[in-house]
Amino acid sequence: MTSYPSVTVPVAGEQLPELAIDLTRTFVISTALATRDFQPIHHDPAAARRDGTDDIFLNALTTAGLIGRLVTDWAGFNCRLTSLKLKLGRPAVAGRMLRLTGEVSDVASADVTGWAVTISVMGSTEDGVHVTAVASAVLPGGDPSSAPPANDHAGTVSEPNAGNERE
Amino acid sequence: MTAGSPTSPPPDGHPKDHDEIESYLAGLVGSELAAPVTAADPVNQPMIRHLVLALGDRNPVYTDVRAAADSVYGGIIAPPTALQTWTMPPPAGPAGEAPRTGRDELMLVLDAAGFTGIVVATMEQTYQRPLHLGDLLTSTLRLAAVSPLKQTALGEGYFLTEALDYVDQRGERMGEIRRTVLKYRPRTGARG
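Chains as they are written, first to last, in this note's numbering: chain X, 551 to 717; chain A, 241 to 432.
Same shape as in the complex, but just chain X (with noise of 0.2 angstroms):
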């Protein structure tokens, strides 16, 4: 395994690396398939075209775990998602390139178990904005002594770093 990113303090207006994914119907209808969207809108492009797009089209499900991806791809693997709010624009149809953006818009004062950011994306194909949303997401930080149990559940962070050394 590859070294994954990480961050040890995140400042807000920090700029999140742009994901970038090229939209082959391959990867629309692997997703959705894997999400278990099975809507033929996802696959079948003659019921796409029927629905007024020219082509098959990314699902929801999908948008949202690419801003997943794009949060932990910056943040790495101690970060944890707490909540995701996306309003969809235009279809990210199969043919565009979908390209990712993210800004640190907030970061909350550091507790014992970690930054409380909130991130804002945004998504964008050849046809306009995909996708604005907003996600939530607790960061390691604070107190490295208060390390959590090792099964912990309720899913604290502390340790700062913990995931960087990893090959």
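Be aware that a few hints might be false.
[To be verified] The following label-pair restraints were derived from C-beta to C-beta distances:
no. : chain 1 : residue 1 : chain 2 : residue 2 : range
1   : X       : Ala570    : A       : Glu260    : 44 to 50 angstroms
2   : X       : Met647    : A       : Gly374    : 36 to 42 angstroms
3   : A       : Asp405    : X       : Glu653    : 28 to 34 angstroms
4   : X       : Ala570    : A       : Ala393    : 21 to 27 angstroms
5   : A       : Gln391    : X       : Val679    : 18 to 24 angstroms
6   : A       : Gln285    : X       : Arg575    : 26 to 32 angstroms
7   : A       : Gln368    : X       : Gln565    : 27 to 33 angstroms
8   : A       : Thr428    : X       : Thr574    : 27 to 33 angstroms
9   : A       : Ala384    : X       : Ser553    : 42 to 48 angstroms
10  : X       : Arg575    : A       : Leu389    : 31 to 37 angstroms
[Claimed, not checked] To give an idea of the chain A side of the interface with chain X (calculated C-beta under 7 angstroms), a few residues:
no. : residue
11  : Leu295
12  : Pro300
13  : Ser311
14  : Val312
15  : Pro319
16  : Pro320
17  : Thr321
18  : Met328
19  : Pro331
20  : Val360
21  : Thr362
22  : Met363
23  : Glu364
24  : Thr366
25  : Leu394
No lab work stands behind these hints, which were simulated from the structure alone. Cβ coordinates follow ideal geometry from the N, Cα and C atoms, glycine included.
Guided by the hints, dock chain A onto chain X, whose structure is given.
Relative to chain X, chain A alone:
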């Protein structure tokens, strides 16, 4: 309306005109659109692996046992954004098959009235805790709100707001989704 046992008009008596449809929709607001659905399988590594490969997500907490054990999670988790995936319905049956849930019937009624298109307009997901291997999700689905007929870029249609709530095998709340879908009459010549 009783969960999972639709009592609305039979296919031949579908509401067709604007007033009939609005009154039909208004009658469903607040009701359960399906009986609670328990996932066929618990949260499991093969489905997670399939999903993250499709998404291109290489976050090691989803597939790397050692990395996940050393993480704040203490073990493999599923991508939180896949909360809905575990209880998604199977593919639609053959055309003309009886609707399986109240939601299927609602969609059938709107399809029959020409509102064949469907897109998600907004979605809010909240996660109470991470999904670990072995968690067995049960979801409930309620129709929370319905808009009047709206003109949109895709065509005229109704915005339906659905509330999905998820609990695990112990009844512990896992998360919720508030989703608004547009069920629309495709505009001739519309482009995506």
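- Contradicted hints - numbers only: none
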